[in-house]
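A.B. asks: These are the residues of each chain, in order.
There are 2 protein chains.
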Amino acid sequence: MENFADRLIAKIRQKNSCVVVGLDPHFKLIPDTVKQKPIISHKPSLEYAARVILEFNIQVIDLIAPHVGIVKPQIAFYELYGWWGVWAYAETIKYGKYKGLIVIGDVKRGDVPSTAEAYADAHIGEVHIDDIVETAFAADAMTVNPYLGTDSLQPFIQTARKHNKGIFVLVKTSNPQSGEFQDLTCGKKKLHEIVAEKTNEWGKDLIGKEGYSAVGAVVGATYSHEIELLREIMPSAYFLVPGYGAQGATVNDIKYCFNSDGLGAIINASRSILYAYNTSPWKEKYGVKAWKYATQEAIIKMNAEIGDMLL
Amino acid sequence: MENFADRLIAKIRQKNSCVVVGLDPHFKLIPDTVKQKPIISHKPSLEYAARVILEFNIQVIDLIAPHVGIVKPQIAFYELYGWWGVWAYAETIKYGKYKGLIVIGDVKRGDVPSTAEAYADAHIGEVHIDDIVETAFAADAMTVNPYLGTDSLQPFIQTARKHNKGIFVLVKTSNPQSGEFQDLTCGKKKLHEIVAEKTNEWGKDLIGKEGYSAVGAVVGATYSHEIELLREIMPSAYFLVPGYGAQGATVNDIKYCFNSDGLGAIINASRSILYAYNTSPWKEKYGVKAWKYATQEAIIKMNAEIGDMLL
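Line by line, the protein sequences give chains X and W.
Each residue of the first sequence is one higher than the last, beginning at 5 in the numbering used here.
Each residue of the second sequence is one higher than the last, beginning at 5 in the numbering used here.
No lab work stands behind these hints, which were simulated from the structure alone.
If you're wondering where the values come from, they're calculated on a predicted model, not measured in any experiment.
There may be inaccurate statements among the hints.
So the derived label-pair ranges between C-beta atoms look like this [stated by the list, open to error]: (1) X:Glu130 - W:Asp134: 53 to 63 Å; (2) X:Arg17 - W:Ser284: 52 to 62 Å; (3) X:Gly266 - W:Thr189: 38 to 48 Å; (4) W:Glu130 - X:Gln162: 30 to 40 Å.
Think of the CB as a built atom: it goes at the ideal place given N, C-alpha and C, for glycine as much as any other residue.
Using the sequences and the accompanying hints, generate a full structural model.
C.D. replies: Encoded structure:
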């Protein structure tokens, strides 16, 4: 298997899209037509919610797979339904991979080294039970939190190397108060700039044929001013960019996430694609019953917007 | 239901112990006598590993419950076995609560606000599915990562308030390189001191009758020099202190975690209790077959050591 960044770039070229669809299921927003499908139980329960979520994800993946090559389930929205929800998370990853997509587990894990090793093995590695080898979630990549330092990230980096997987380090997050700690000035640099320097270092030994590393960075589209400098500090890191769409960032905000080769960033949208039926102009045009048309048009529109900007 | 800190203190007094037993199952280290118990499947598989882990936890909880009032399952070691592992995690929490223990979910979650809300509801809150209310994991408290800032922690704080649960914010972690970012000097203070100040603020509205807050802090026993100042910055935060035992910290290192009232800290040990059979003097005395005696003596010894220090 190839270096993760090379696989990512090949997929971006194949689909002609650098969009990541965030699979963030909100039970309330899932159309009733989907909810009627799971036959095992129609009574509200954790199992029922999990089955609905999986059915929704399968329908979404079928819809978007011709247009995008990357999906990113956010595990929080699955943990919400307990271990049944985590079952739906695991099955979603499986289905995404079966459809040829690259799946990024948005899990934002981080812990002391021995624990980080278990997280890495769980999400992008493998587990040994007596004489057999199994995989728990087997995503292609995962997001990680850097607060605990280099030794806490080494297990993720080593597991990524061993299995040709990727990691994305939280550098500058998209939420309104991300600057509270991330923008603190430490000496002459901001904390997130120091984390960016380290991320660049962590990725140096994992650079693929295309010049990009399997160690990427999460950089919020909502902080367009910081992006140029971060691109400079981490020239070979792939940026995973949240904040587009529902969180307010536009195509102008993400311009500097890309290198001059037109590569270097994947742009995430979740709610604005999954629940496009709920926003203009599709709300008026289609409504919830024809949600699939809304989602399909939303993804095609987002591809076109970013494609035009990259021309 | 009472404020989490008041419940915690009542439990500490009831058991006369401020020890937390970390339920970190390592499949390889679980004694064979335990492995032979789960009858559903004896073939190595994720399900089998999860059933073994749950059986081990039940036996450990039964052993330690007369001596300690708090357990802390580390979810990484359950995620390692996929959704089956997460099932064992959920069942472990249930069993711990059934035996009257306070259960801290060591999950170190942290994300943008809308996602953090899902994590909070999953681990210490509740979830609404149509017209029913369910709980996913329902621990008494959870650990959280502060890197994303105040808005990312508000959902945890609000959920803790609503359900009388607790949170423990990672302030200064126990791993060797925790200082890499956490000790950076920002202005006149170290990053972890600034996080400590915020943690103290976040907890101000959640102080119980005993003067302690439901917003606590994770402070590694391995950094005894930092502890005195952190105790001063966060006078009403309960400290969850990892690093005792297997990670090398001793009773002298944790002295300053406590206030003069003998309260203010709970001390975690995982491997040194669960796998006591594997360390001296119990290795020689009992060996793996009599692992229960080793675990029991180890917990009694740890209680005594800390009890003597607090006299």
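A.B. asks: In this structure, is the beta-carbon distance linking Gly266 (chain X) and Thr189 (chain W) contained in 38 to 48 Å?
C.D. replies: With Cβ atoms ~40 Å apart, the hint holds.
A.B. asks: Does the Cβ pair Arg17 (chain X), Ser284 (chain W) satisfy 52 to 62 Å?
C.D. replies: Holds - the Cβ-Cβ distance for Arg17 (chain X) and Ser284 (chain W), about 59 Å, lies within 52 to 62 Å.
A.B. asks: So the hint says 30 to 40 Å: do the beta-carbon atoms of Glu130 (chain W) and Gln162 (chain X) match that?
C.D. replies: Holds, at about 38 Å.
A.B. asks: Range hint 53 to 63 Å: satisfied by the CB atoms of Glu130 (chain X) and Asp134 (chain W)?
C.D. replies: violated, 38 Å
The structure shown violates just one earlier hint, number 1.
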